[in-house]
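Sequences and hints are given; from them, build the entire structure.
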Amino acid sequence: MIQRECGVLKTSYAADMALYPLPIARKTMVAIAVLFALVLPVALDPYYLSILNLIFIAVIGAIGLNILVGYTGQISVGHGAFMSVGAYTAANLAVRLDFPFWLSLPLGGLMAALVGAIVGIPSLRIKGLYLAIATLAAQFIIEWMINHFTWISGGVQASIEVPRPTLFGHGIASQLEMYFFLLVFVVLAVVGALNLMRSRIGRAFVAIRDHDIAAQIIGIDVFRYKLLAFAISSFYAGVTGVLYTYYLGIANYEQFQLGVSIDYLAMIIIGGLGSILGSVFGAVFITLLPIAIRWAMESFGGALFSQQAVLNLIPNLRLILFGLLIIFFLVVEPEGLSRLWRNIRNYFRVWPFAY
Amino acid sequence: MRKDLAIAAALIVSVGALLYAPTATRAQEEVVIGLLCDRTGATQTVGVNVCPGYHDYIALINSKGGVEGHRIRVVEIDHEFKVPQAMEAYERQKKEGAVLISLYGTPHTQALSQKLAEDRIPGTSPGFGIAASADGSRYPFLFPIAATYYSQAAAAVKFVKDQLGGSLKGKKIAYLFYDNPSGKEPLPVLGELSRQEGFELRTFAVPPPGVEMGAQVLDIAQRYRADFVISHLFGRSPSVSIKELKRAGYPLRKVVAFVWGAAEADIEAAGGFGVAEGYYAMQFAGVGSDYPVLDEIRAMYRKQGQEPPKVMASTVYYNRGVLIAAIHVEAVRNALKAKRGQKITGADVKAGFEGIKGATFGGLLPPLEITAADHEGGGWVQIFQAKGGKFVKATDWFKAYPEVVAKEVKATGIQ
Amino acid sequence: MFDWQFLLLLVSNGILLGLMYALIALGFVLVYKATDAINFAQGEFVMIAGFAVAVAMAAYGAPWWLAAGIGLAGMIAFGFGLERTMLRPLIGRPVVAVIMATIGLAAVLRGVGPLMWGAETRALPLPIADEPLVLGPLLISPIQLVGAAVSLLFLAGFAWFFLKSRKGIAMRAVADDQQVAMAMGINVERYFGIAWAMAGVVSALGGIVWGNLLGVDVHLALVGLKVFPVVILGGLDSIPGAIVGGLIVGVVENVAAGYIDPLVGGGTKDFAPYVLMIVALMIRPYGIFGKQIIERI
Numbered sequence: 252m253i254q255r256e257c258g259v260l261k262t263s264y265a266a267d268m269a270l271y272p273l274p275i276a277r278k279t280m281v282a283i284a285v286l287f288a289l290v291l292p293v294a295l296d297p298y299y300l301s302i303l304n305l306i307f308i309a310v311i312g313a314i315g316l317n318i319l320v321g322y323t324g325q326i327s328v329g330h331g332a333f334m335s336v337g338a339y340t341a342a343n344l345a346v347r348l349d350f351p352f353w354l355s356l357p358l359g360g361l362m363a364a365l366v367g368a369i370v371g372i373p374s375l376r377i378k379g380l381y382l383a384i385a386t387l388a389a390q391f392i393i394e395w396m397i398n399h400f401t402w403i404s405g406g407v408q409a410s411i412e413v414p415r416p417t418l419f420g421h422g423i424a425s426q427l428e429m430y431f432f433l434l435v436f437v438v439l440a441v442v443g444a445l446n447l448m449r450s451r452i453g454r455a456f457v458a459i460r461d462h463d464i465a466a467q468i469i470g471i472d473v474f475r476y477k478l479l480a481f482a483i484s485s486f487y488a489g490v491t492g493v494l495y496t497y498y499l500g501i502a503n504y505e506q507f508q509l510g511v512s513i514d515y516l517a518m519i520i521i522g523g524l525g526s527i528l529g530s531v532f533g534a535v536f537i538t539l540l541p542i543a544i545r546w547a548m549e550s551f552g553g554a555l556f557s558q559q560a561v562l563n564l565i566p567n568l569r570l571i572l573f574g575l576l577i578i579f580f581l582v583v584e585p586e587g588l589s590r591l592w593r594n595i596r597n598y599f600r601v602w603p604f605a606y
Numbered sequence: 181m182r183k184d185l186a187i188a189a190a191l192i193v194s195v196g197a198l199l200y201a202p203t204a205t206r207a208q209e210e211v212v213i214g215l216l217c218d219r220t221g222a223t224q225t226v227g228v229n230v231c232p233g234y235h236d237y238i239a240l241i242n243s244k245g246g247v248e249g250h251r252i253r254v255v256e257i258d259h260e261f262k263v264p265q266a267m268e269a270y271e272r273q274k275k276e277g278a279v280l281i282s283l284y285g286t287p288h289t290q291a292l293s294q295k296l297a298e299d300r301i302p303g304t305s306p307g308f309g310i311a312a313s314a315d316g317s318r319y320p321f322l323f324p325i326a327a328t329y330y331s332q333a334a335a336a337v338k339f340v341k342d343q344l345g346g347s348l349k350g351k352k353i354a355y356l357f358y359d360n361p362s363g364k365e366p367l368p369v370l371g372e373l374s375r376q377e378g379f380e381l382r383t384f385a386v387p388p389p390g391v392e393m394g395a396q397v398l399d400i401a402q403r404y405r406a407d408f409v410i411s412h413l414f415g416r417s418p419s420v421s422i423k424e425l426k427r428a429g430y431p432l433r434k435v436v437a438f439v440w441g442a443a444e445a446d447i448e449a450a451g452g453f454g455v456a457e458g459y460y461a462m463q464f465a466g467v468g469s470d471y472p473v474l475d476e477i478r479a480m481y482r483k484q485g486q487e488p489p490k491v492m493a494s495t496v497y498y499n500r501g502v503l504i505a506a507i508h509v510e511a512v513r514n515a516l517k518a519k520r521g522q523k524i525t526g527a528d529v530k531a532g533f534e535g536i537k538g539a540t541f542g543g544l545l546p547p548l549e550i551t552a553a554d555h556e557g558g559g560w561v562q563i564f565q566a567k568g569g570k571f572v573k574a575t576d577w578f579k580a581y582p583e584v585v586a587k588e589v590k591a592t593g594i595q
Numbered sequence: 243m244f245d246w247q248f249l250l251l252l253v254s255n256g257i258l259l260g261l262m263y264a265l266i267a268l269g270f271v272l273v274y275k276a277t278d279a280i281n282f283a284q285g286e287f288v289m290i291a292g293f294a295v296a297v298a299m300a301a302y303g304a305p306w307w308l309a310a311g312i313g314l315a316g317m318i319a320f321g322f323g324l325e326r327t328m329l330r331p332l333i334g335r336p337v338v339a340v341i342m343a344t345i346g347l348a349a350v351l352r353g354v355g356p357l358m359w360g361a362e363t364r365a366l367p368l369p370i371a372d373e374p375l376v377l378g379p380l381l382i383s384p385i386q387l388v389g390a391a392v393s394l395l396f397l398a399g400f401a402w403f404f405l406k407s408r409k410g411i412a413m414r415a416v417a418d419d420q421q422v423a424m425a426m427g428i429n430v431e432r433y434f435g436i437a438w439a440m441a442g443v444v445s446a447l448g449g450i451v452w453g454n455l456l457g458v459d460v461h462l463a464l465v466g467l468k469v470f471p472v473v474i475l476g477g478l479d480s481i482p483g484a485i486v487g488g489l490i491v492g493v494v495e496n497v498a499a500g501y502i503d504p505l506v507g508g509g510t511k512d513f514a515p516y517v518l519m520i521v522a523l524m525i526r527p528y529g530i531f532g533k534q535i536i537e538r539i
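Residue numbers (the numbering used here), protein chains in the order written: chain H, 252 to 606; chain R, 181 to 595; chain C, 243 to 539.
All clues stand as given, with none of them false.
Over the 12 Å line for every Cβ pair with chain H, so calculated as not near, a few chain C residues:
hint, residue
1, A298
2, M426
3, V430
To give a feel for the contact side, a few chain C residues facing chain H, derived at Cβ under 10 Å:
hint, residue
4, R335
5, V337
6, I341
7, G346
8, L478
9, V506
10, P515
11, V517
12, I520
13, L523
14, M524
15, R538
Think of the hints as simulated: they come from the structure by calculation, not from any bench. Idealized CB from N, CA, C, for every residue including glycine.
So this is what it looks like as structure tokens:
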């Protein structure tokens, strides 16, 4: 947090252009890596690991949505459906063709990317809310198709049980094993997205977000890049759906309905649009919020209300607080948690001086 | 800047509170049950009545000294009818030491089915969930404990047959259903029965959220002219179906609803018992307030100097909560007896369920008999009719076409 | 055999229902037209208004007209208050921010309603018969007729308001260009408040009509989902568009349920309007009556 920037002498261009130009930044990275790879999995109870696992899955989905919404400026309210596309593709491959996870997972993502690109076609003509509603339509249409085509959904129950992923003949089932399994994909997703945004494609996305007509004038193929943004974003969503399926052991479209799309939107808006770190913060925040409110209510609510009243109060209050916090963040800190983080970091950078 | 710091401080405090919140110290002899509930989500009108019923029965048992000298502690967590929340809630309940999970909601039951088997903790899904989980050999840790949608479908057909004079040959039955997996689950049973009994079956799907079904109902009443309607709807749609059927001029005494379209709340929302006169509602728990258990609960409240809660008036759902709790307590009692009062595990409770037989609580429960092979306990239902301002019993406990149901259980289920 | 009478029944049902959808859509369009804000909490507005009216009637024994008045007054106050506290700070923010804020608001309302008044379903009885009116081959529900009439009344009222009244013209100016309107001496923020209050009025009436039809509990908010195809088809900022969109959606839903469902064995009712909507969007990206925005750099 306290990044002293003085006293660092760079003697080569390579040092100047390094990814982490300051020693403290390198050390922080190493510390975070050690924390997640070694300390947390050993120190935490399986219950906390299970929360972390849910956060990991959410992080991947949030990054994917942020690529589309935060970086490219296209709105999607249909990401839940893209997740279910990934989930059912992988589930069908895993069950019918016995594909291992390292094959069915990317294929699920690719299928979602294809569907996402198709859904993105109207983005050529329409934008803003009209586009948002078109993706809402995609959400409903995809749900309907999965519900009614039994060759996708595997029967009227629309549920496919998936075997646990195996690695070298070892099944990944416990929360700890799941933790490492998911950690790998989170790291891949974060690094992939960071690199993407530093590439030509990422720059094109940002140009389109800032002004699509201007972007077209400077020679960016707007349609192609919009579709690409939809495809990449949906790939992430598809992978999220697949991981979710492996985590639960079952694919079911009722887990990916409109509410899920909205939760993910909440994540990136609270975390910070156009920021990978923000996606991570948002995923953590939205996943932990209901849990935190419940714990607070369970711990302190008993002092104020009767047992039965607390049970009724907790969920309703949680819903209200959830909504209020979203509004609060939008009103107070429109750029989200990532901006908050930057402000704090900048403050401590020169602490105890004002500037 | 100060503002930002304040927000950051608040965040840190809340995360800290999360990690260091006091975990309740649990006495050795407590039996912990995890209760999943939905009081804020899509099915909240059900949850707010079922879950208090559950708690009241457990409180009653505890006030009488618990089960075999063990108190029962219920860890209720509301999952807002969302699957990730349900996963987290389950892990939390597992951490609290739950030996039994009261599931809530079909998607959540499916999502947790594999987990329950891995952790060897039994879960119950009365009146919803996976119909094929009636087969205890395939789903060893899932217990429907009440009629599944398959059994409900079979019972509905049997009831219609009796109503139409003992034969369904050439009759026209309309199946009005909520267009989601739960709504479609009974279709294979209905199809098989229509072949067996020789009636014509036509399905009318009501897509979620089901707040409007004018066209389907007009079709049933005016074009198809069904002899009887079997309706399987959720949430707000049962009350809408009552109103719409009435509007289309279809007699409600030719409608029988599955268990989730059969509560007082549905009737009230449709405009009261006067409007719904004649409507048949299928139940897996007794309806009404004339059961000894309910008297005991009322007495318990009075002894504490309180009035019995308002939710008790919603007898369909409240009684279901009591029924679920009662069956759970029986299972725990069997488990504790088998272990002679030692600490019980999920597997013990599973065995406890499989020993349940013949506790009917003065008619609140059907004559259940849960075995290792049959986790449904027979698939009993009872049909009530809206008549003169309340639900009146139209049939006694019955089950129908067990061989058809068994065949479908074997053949289908989750892929 | 093609059954004309059945088709007629479906279409008449669709028309009445469409007008009832339009009633809810009107609230959405009003807000968008005047303030460029997108209200994802429209269904929750309807729900909370329904709650207020039903509780006033059931718990306090108010007659229906008084309860309706309380609901209307409450929603007007709510509209003004909401604009002042939540939406004013969001002026000029990206479109997703406002969408998200209203989604947050929806969560708050869904929590507040049951917490304050209980989650159980309440009836909202109006002095209107349940028995259908039989007009030749048609069966018409009186409450739907009332809803449709209210909807048309509002259409006429708003048309007059926006075309003729001073306030309405000022509001159009605000909608067209906030800065120019400000320069012309129009108090933009006040008109934003008025727009939200008007949405509140429409929602209150929607809450009464739909509440009577469905019963009042949180599920009442689900009718809000029906708004999207309606407003997109008609054009987000067009009041006649809301009515036309409502009619199209109502009729398409009913005809789809009557003639497509039996073929595919599933409910196409919710799905058909969306398909239609996407096709319409590809041809006319701003809806049937929507204002075309010409972008410049």
